[in-house]
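Dock the two chains into a complex; use the hints.
Read top to bottom, the protein sequences are chains B and U. Just so you know, we're using the working numbering here: the first sequence kicks off at -14 and counts up by one. Just so you know, we're using the working numbering here: the second sequence kicks off at 120 and counts up by one.
Hints listed in this document are in silico derivations from the structure and should not be mistaken for laboratory results. Possibly wrong hints are sitting among the right ones.
To be verified - Here are a few chain B residues that face chain U, going by a calculated C-beta distance under 8 Å:
#, residue
1, Y6
2, M102
3, W104
4, Y124
5, E168
Claimed, not checked - Pulled from the structure, derived: some chain B residues nowhere near chain U, Cβ distances all over 10 Å:
#, residue
6, L13
7, E19
8, D112
Each residue gets a CB set at the ideal place from its N, CA and C atoms; glycine is no exception.
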Amino acid sequence: MIAIVDYGAGNIFSVKNALDYLGMENQLTDQAEELAAADEIILPGVGAFPSAMRMLAKCGLVGVLQEQAKQKPLLGICLGMQMLLDKSYEFEECNGLGLIPGTVEPLDAPGLIIPHMGWNKLEMGVDCPLLHGLGEESYVYFVHSFAAKCADENLAAWVEYGGRVPAMVYDGNYVFGAQFHPEKSGEAGLQILRNFGGLV
Amino acid sequence: MLAKRIIPCLDVRDGKVVKGVNFEGIREVGDPVVCAAEYNRQGADEIVFYDITASHEGRGVILDVVRETAKQVFVPLTVGGGIKTVDDIRETLRAGADKVSVNSQAVQNPQLIRDGADIFGSQCICVGIDAKKTKSGNWTVFINGGRIDMELDLLDWVKQIEQLGAGEICLNSIDTDGVKGGFDLPMLKAVVDAVSIPVIASGGAGKCSDFAEAFEKTDCSAALAASLFHFHELTVQEVKADCRRKGIIVR
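Chain U extracted, bound-state conformation (with noise of 0.2 Å):
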């Protein structure tokens, strides 16, 4: 049986690892290839570079610091932001990158998720997502770092993406991010149960139970946690002894 994976992200602007809480409020935590190397003891099933203000300011990937981490960190890793084209893939993934997550893009252009699964295999292409619940009770998507509503309902846009050939869906909650309290339980089974590649939950996570709790109320494949992780409020290792100590198979 396959594990279940923990994955830190690592927001990344400008070079620098940042978070925003809720998008807004960023602070600066630190070099990424150390954040990358340091996950990577602990235990990381992956790692996500995510560059967070590349999709609305148009800025290329972080492809030094991918080249850099590949060098010293032998897990996957994903890259995201401002990724738009089929040789953005190419790029990115040349540079050391294990697989690509394509956001705001691929609302925009849906064939790049065609294109690039095709060219490169589905397990190389991750499709992002940063999703809102409405108010009729359905939850739509957003791009653009959740600057802008696409009215587009999640449910029919998770089995395009599958269609499409996205090899995975890493499913970040607006509603939760930064918040603490816990994943989107309800939209993250809404999209599970849609599905059938592997979906990433995303946004929310505040302690060690949020993470168990993902994998034992949904069939999600991995979770993810950005801040949680930077500030040392929770190590990999105390979330996978936690899965562990609930029958939970981590790595």
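Bound conformation, chain B alone (with noise of 0.2 Å):
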């Protein structure tokens, strides 16, 4: 089973109907109990990062997942991706969830458009079990305007914007993190997703 957490700023319908199409077992909940209890958890999130991070506290949920991420696969989609990292710039200085290390900076391209927003090529870093199966030339769409600072180390994956953007991250265990959207990333997003069901 996998808990998507719906927390109230999430692209949650999108991921789930890609989980059904997939035959993989899913339920949406903000219940903690529910988190603890599932053997995989989608970190879904579209918006703004402070007003997210504040939903996720609201609920009740940043400790338990912090907790949950030690114990079985998360996935951060988007700025569910952004939120797994230490801080953010958006707005305001603000707190994530600090389960693999660097911040959120707005998208620094001279000259290209922002909001980064269409389909670009993955350049693979470390390697990373959810992007196993991929074909040689693997696009996957992606719509931000912030965007990932980490070290290269949790670097899986990242695309070319202006300079290196980074798509996955991952923390070499159990934490991982798509800048772009799997749901919506055709059938190199299913591999993905099919590769995260696969885990466990």
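Written as structure tokens, this is what we have:
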């Protein structure tokens, strides 16, 4: 069972649709006990970092997610990925979940359109089980204006957009983050979700 | 670098796919959910549903079609036609659309663009435009499926759209739509050069090389076609293969 965290700031139905399509059992929830009972957790997110963190806190899920991420696979998507990091500077300085060392900063791509929106090609970094079995040229779908800044050892994939933009972060253990939307990234995205489901 | 996008558009009427040639002579070609799934299989980068009669008959958007499509198609979905209010945008996004396309309503009520962008984000708001060349050589904006000339200068309108916070423009040329002689490159280039938001070329694709030509001769971000794909004259794969051969980055 995959728990999709439904804290009021998610692209939850697209994620749920994709898991249903893949036949992966899932449940939308904002309950700590259900996150504890799940085999894996997906943390979606759209919108602004500070308000999303506040909503997560309001649901009482910050500590639970930090705890559960030590025991089972957690995949953050888009803003959910950014929330895995230590802190963000979107509108105001705001702490994240601190599961992957790094920060979230405005995307800096001189001369290019912000938001970074569309299909971009993954370049592979450190080995990450979610990226296994992808084709040589895998494009995934992005919509974002802020980007992660993290060490190379946590960078599983990036894309070129006025420089290297982190696409997937990985703590080497249970914590995964996708800046792009696997649930909107065609076959490549579905393969990433399949890989996530196959971790347990 | 972002890949150039190839976007099939499904013109929908009463829940069925249709295609008008120059907005007349409509004929039925099938179930939109089935068509969308097929385009997804062919490698479409995005799929647009456009309820072509909604703006003049006042019908709502086809939310059930979107809901069903979103269960089996995992690329961005855009819905246009009949979207008049912020609530319409909200409902459409909730049904599973990633973007909405506003056209006539945006001309009549430009605030809809700003409100939509403020509440849901610029990336959700695409402004569709039907434009036509005038005798004096500029282009003007038409509404209600190309029926009414608003005598609004196209380049003034696209700059206003950008200022209002739209995330994207889908530019359809009434002059080339359905003619299959290629996209309206002069108009497309004028618009692409006037704004910095992405522009989708629409109207006029008749053969494979028309897509690559639009990408080679203008900085448009995407190209859209309808009947060409519906009647299997061309597949999305064929268009992308042609682009790739010519060094254009596609997914």
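Now the hints, each set against the structure:
1. Restraint check, Y6 (chain B) versus chain U: the minimum CB separation of about 6 Å is within 8 Å; hint holds.
2. For M102 (chain B), the interface hint holds, the least distance from its beta-carbon to any beta-carbon of chain U being 5 Å, beneath 8 Å.
3. A cut of 8 Å between beta carbons decides the hint on W104 (chain B): the least distance to chain U is about 4 Å, and the hint holds.
4. Taking 8 Å as the C-beta contact cut-off toward chain U, the hint placing Y124 (chain B) at the interface holds, the least distance being around 4 Å.
5. Taking 8 Å as the C-beta cut-off, the interface hint given for E168 (chain B) holds, the closest approach to chain U being about 6 Å.
6. Every CB of chain U lies more than 10 Å from the CB of L13 (chain B), the least distance being 14 Å, so the non-interface label holds.
7. Chain U leaves E19 (chain B) outside its interface by the beta-carbon criterion, the shortest separation being 23 Å against a cut-off of 10 Å.
8. At the 10 Å boundary, the C-beta of D112 (chain B) stays outside the reach of chain U, the nearest C-beta of that chain being 24 Å off.
Checked against the numbered hints given earlier, the structure satisfies every one of them.
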